[in-house]
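Visitor: Below, each chain spelled out in residue letters.
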Amino acid sequence: MFALAACSPRPMPDASVADAGPDAIDDVGPDAVSRPDANPPRPTTAYVPNEPRLRRLTQRQYTNTVRDILGESLVVTRSLEPDVRAEGSTSIGGTNSTISQRGTEQFQDSAYDIAQQVLRSAERRAMVLSCTPAAVRDDACAESFLRAYGKRLWRRPLSDSELATLVTISGRAADALTDFHRGLEFGLAGLLQAPEFLFRAEIGTMRGAERRFERFELASRLAYFLWNGPPDDALLSAAENNQLEDSAMLGAQIDRMLASPKARRGLEAFFTDWLRLDELDFISRDATLYPAFGADFGPSAREEVLRTLDWIALDRDADFRDALTTRETFVNRRLASIYGVTFPVRGAPVTQFERVEFPASQPRRGILGMAAFLALEAHPTSTSPTLRGKFVREILLCQTMPAPPVGVNTAVPEPSATARTLRDRLQVHQEVPSCRGCHLLMDNIGLGFENFDALGRYRTIENGVLIDASGTLDVLPFANAAELANTLRDDPAFPRCMVNRLYRHAWGFHEEEPQREEVERLLTSFSTSGFKLKGLLRTIAIGEAFRRASVIEIPPLPPLPDAGAPADSSSDARADVTTDASAGTDATTEADR
Amino acid sequence: MKSSRSAIARALSGCSLFAALAAGCGPVVGPNDGATGDAAAPEGSAPDARVACPTRNSTQSFVFARIAFVREEMGMTDVADGFNLDNRVSRLGDTLTCRAGDLTSPTGETGIDNQLARLMPTVDQMTGGAVDGAIQAAINNGQMLVAITVSGIEDDCNDDGVDVTLQRVEGMPFVGSDMSVDPGQTFDRMRMVPISQLRGRITDRTLLTDPAMLPLPVAILDEQFTLQFYNARIRLALSPSGGDSPGIIGGAISLSEFGQVLAQIENIPESLKMQVNGGLALFADLDRNAMGKCEKISGALRIMARPAFVLE
Chain A
39 MFALAACSPR PMPDASVADA GPDAIDDVGP DAVSRPDANP PRPTTAYVPN
89 EPRLRRLTQR QYTNTVRDIL GESLVVTRSL EPDVRAEGST SIGGTNSTIS
139 QRGTEQFQDS AYDIAQQVLR SAERRAMVLS CTPAAVRDDA CAESFLRAYG
189 KRLWRRPLSD SELATLVTIS GRAADALTDF HRGLEFGLAG LLQAPEFLFR
239 AEIGTMRGAE RRFERFELAS RLAYFLWNGP PDDALLSAAE NNQLEDSAML
289 GAQIDRMLAS PKARRGLEAF FTDWLRLDEL DFISRDATLY PAFGADFGPS
339 AREEVLRTLD WIALDRDADF RDALTTRETF VNRRLASIYG VTFPVRGAPV
389 TQFERVEFPA SQPRRGILGM AAFLALEAHP TSTSPTLRGK FVREILLCQT
439 MPAPPVGVNT AVPEPSATAR TLRDRLQVHQ EVPSCRGCHL LMDNIGLGFE
489 NFDALGRYRT IENGVLIDAS GTLDVLPFAN AAELANTLRD DPAFPRCMVN
539 RLYRHAWGFH EEEPQREEVE RLLTSFSTSG FKLKGLLRTI AIGEAFRRAS
589 VIEIPPLPPL PDAGAPADSS SDARADVTTD ASAGTDATTE ADR
Chain B
385 MKSSRSAIAR ALSGCSLFAA LAAGCGPVVG PNDGATGDAA APEGSAPDAR
435 VACPTRNSTQ SFVFARIAFV REEMGMTDVA DGFNLDNRVS RLGDTLTCRA
485 GDLTSPTGET GIDNQLARLM PTVDQMTGGA VDGAIQAAIN NGQMLVAITV
535 SGIEDDCNDD GVDVTLQRVE GMPFVGSDMS VDPGQTFDRM RMVPISQLRG
585 RITDRTLLTD PAMLPLPVAI LDEQFTLQFY NARIRLALSP SGGDSPGIIG
635 GAISLSEFGQ VLAQIENIPE SLKMQVNGGL ALFADLDRNA MGKCEKISGA
685 LRIMARPAFV LE
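Quick mapping for you: the protein sequence lines, in order, are chains A and B.
Be aware that the first sequence starts at 39, since it is given in the numbering used here, and climbs by one per residue.
Be aware that the second sequence starts at 385, since it is given in the numbering used here, and climbs by one per residue.
Since the hints were made in silico from the structure, they are not lab data.
Just so you know, not all the hints are guaranteed correct.
Per the computed footprint, the stretches of chain A lying under chain B, defined by three or more beta-carbons under 8 Å from a beta-carbon of chain B, are [claimed, not checked]:
1) 157 to 165
2) 255 to 262
3) 510 to 520
Partial selection, computed: residues in chain B whose CB lies under 7 Å from chain A [claimed, not checked]:
4) C541
5) G560
6) D562
7) G568
8) T570
9) D572
10) M574
11) Q648
12) N651
13) E654
14) S655
Partial pick of chain A residues on the chain B-facing surface, computed with a CB cut under 10 Å [said to hold, decoys possible]:
15) D176
16) R303
17) F331
18) G332
19) P382
20) V383
21) G385
22) A386
23) P387
24) V388
In this text, all values refer to a predicted model and were calculated from it rather than measured experimentally.
Backbone N, C-alpha and C define an ideal beta-carbon position, used for all residues, glycine too.
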């Protein structure tokens, strides 16, 4: 009954939903009608920042951090605590994640493995060690290394006590192993498995009535947002010199970061999260029905999406809504064969991607015409208009579709003489009241992609019958996927959804009513700048809201057992992350921060 | 051990020879816009005749994804697919065909010249039945990729005159779980290999080329040859949905030319060469000379063509 009530289709925009405003789309879901006049602006309340949090590094961030700082050629294990997806976002998941006991062991194993790779290779060692140890135990040399790399790995300078602890650990291990470098491995591993490395602190300190991110926290926040990796020395230096407090200098840093090749990496993290491209590693297809499916399909399909979106957002700095309608894409030989386009380079390896155009004769457009979407939102043996429609609703328009009611048979009838196409067979959804409401909203969109099979290959016939790829998006009819793409491009719900998604990615929180002012500001900026994603990234990064957390009481951390430092130094170390609301500055954190 | 290796080599050499010949002979055509058929059916399933003839591109290319020698139909003596190359119906003992009688096609067409269909069971015995597998391997590993391009198509269903180009292409193909070259791939034309130009027509969505001499590219082990296929014809049922297009290539092979090719291949044992030459001479049925001997043997290859692109 709930599903029926929640999903009853409405052929016309509903006033009550429209009155509820844009946020209602997320909550009311399928009842919402995402047309221009359906979402009139409503008054916003003053922006309330999200809570201060520790954000666990995602697996990709962990790898990027290690490689950026210790060497690109390092092998980083994939056996790490898996990323958590919460509310459709690993960014939100990371904001709400701890580390399991098994995960702790994995991070420990990985830390020692990386430390060994760095310090047992003479070549790599020469790149990171600026001093030559004078003896098996050389605390000065160890301190020099740990100070420099500790600052990079923890994204802030180490306190004297933290440094002393790590130097002591390294020295004792060197003594025991009679080897300076083996001893230093323990110090480096200590850095790599510390919470200060595995979690990004976004705690802030009280300044007057506001809780603002401390300068190194902001540098880290910027770097993981724009680069999906650690701050480089220039950014850390800017933080150290208080340059991030100055809007002009902060803007210069952001521009530098957006111009860096690492910005591609940062944006790709967002795209991967938003479009769930990581799931392409796990799709499978029936080998009898889809013999062209192979192990390289998923990675190729993901690369295509990322390259195309990067090209639109960064290289062309174009209207990002073009992502839905462009005929230009990047393919390798594998994808070219699936799309039926000529691969333009002779003798190219399968790893080579080239820019091509989708065939003009096909209604294949934008990301919804790419193999990634078409294959991800399909079953191993067939297409799925329902999944495809659900993707459009949830991922592109930020509308929530409820799960099927418990106990409902979700199987689709087999083909028969009277129901040869999937469209015919899906009619069963329309005939069962408990299914009809939601499926009308999903299937009527998803059927628009029936010209593409479960691998994304274009087809015109299903079981001997010409495919009808027409449908409706709310009240707007379309004849095929190309028309649907155009309709979606013009739907104001799409850029709004983009802003919402990017907010969640940047902040690690789902935007709620208290944050709507900032979301509306970003949407206005996005719209007036011609829907340029690079501009939106900049607007977010330089915004006042990006530098603040909500004012809440943060209890002091409980005491921790100390691994080797003097007994009184643990409290000193803890002082690094405690705050002093009365100070009004970050002076209560470490003196050298 | 040595004799065992030798036997395997002999068998494989024989296979490669036929495989290469087959791959080299393959041509075909088919209009296509890159669309596939029913996803619920395997890629390449037979086209549905009820579908209306849609507008097609004026040029389409295909690659031969499968090639196999036509044999007599299972359990049906003297029935095999092919072409009537000499435009006459010969009976057993006909002197013009060196006493070889024609076959009948599975659809009932008489006068089919395809003596290789009768020889193939013997060849299968000599090679352990590995000929077709060797053919497929030669295609799948990219050694023998042949593309056919049909251009000047004005009507996909019925067109009185189209141009057909047969050419060798190269590139490491993607091979699907059906163990055949995936459709839609781009291959590079081998620029140093001659192109064959043919004329043809499309009737009821079936391409048929006019008789012509086809210089057939042949790769045997690491050796490359060109073997002439005389009075050759190609028939291809063009898939309306861009799926697989099945067809036949038929023609005559000169025994002397084939013998010369065989002689140049060092890795084939002399005994096997003699067996092959002897078998071909025994079944030869065309181009009877003044001495009363036929200098050519008729044959046919069953092909399956898939849409492809050829990069010049």
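Visitor: Would you check whether A386/A satisfies its interface hint, that is, whether its CB is within less than 10 Å of any CB in chain B?
Guide: 9 Å, holds
Visitor: Are D176/A and chain B close enough, Cβ to Cβ, to be under 10 Å, as the hint says?
Guide: At about 55 Å, which exceeds the 10 Å cut-off, the nearest Cβ of chain B leaves the hint on D176/A violated.
Visitor: Does M574/B meet its interface restraint, that is, does its C-beta lie within less than 7 Å of any C-beta in chain A?
Guide: It is violated, given that the least Cβ distance between M574/B and chain A is near 11 Å, above 7 Å.
Visitor: Please verify that hint: V383/A, Cβ, nearest Cβ of chain B, below 10 Å or not.
Guide: 8 Å, holds
Visitor: Just to make sure I understand the rule, a stretch counts as covered if three or more of its residues have a C-beta closer than 8 Å to a C-beta of the chain. Does the stretch 157 to 165 of chain A meet that for chain B?
Guide: As far as the stretch 157 to 165 of chain A goes, the hint is violated, because 0 residues have Cβ atoms under 8 Å from chain B.
Visitor: Double-check V388/A for me: the hint is only fine if its C-beta lies closer than 10 Å to a C-beta in chain B.
Guide: Since chain B brings a Cβ to about 8 Å from V388/A, closer than 10 Å, the hint holds.
Visitor: Less than 7 Å between beta-carbons is the criterion; does C541/B satisfy it with respect to chain A?
Guide: 15 Å, violated
Visitor: With 7 Å as the cut and Cβ atoms as the points, is G560/B at the interface with chain A?
Guide: 3 Å, holds
Visitor: Just to be careful: measuring from the Cβ of N651/B to every Cβ in chain A, is the smallest value less than 7 Å?
Guide: 28 Å, violated
Visitor: Would you settle whether the hint for E654/B is holds or violated, based on the nearest Cβ-Cβ distance to chain A being less than 7 Å?
Guide: 38 Å, violated
Visitor: Does the nearest C-beta of chain A fall within a distance shorter than 7 Å of the C-beta of T570/B?
Guide: This interface hint holds because 4 Å falls under the 7 Å limit.
Visitor: Against chain B, is P382/A within 10 Å by beta-carbon distance?
Guide: Holds, about 7 Å.
In summary, the structure is inconsistent with hints 1, 2, 3, 4, 10, 11, 12, 13, 14, 15 and 16 from the numbered list given earlier, while agreeing with the others.
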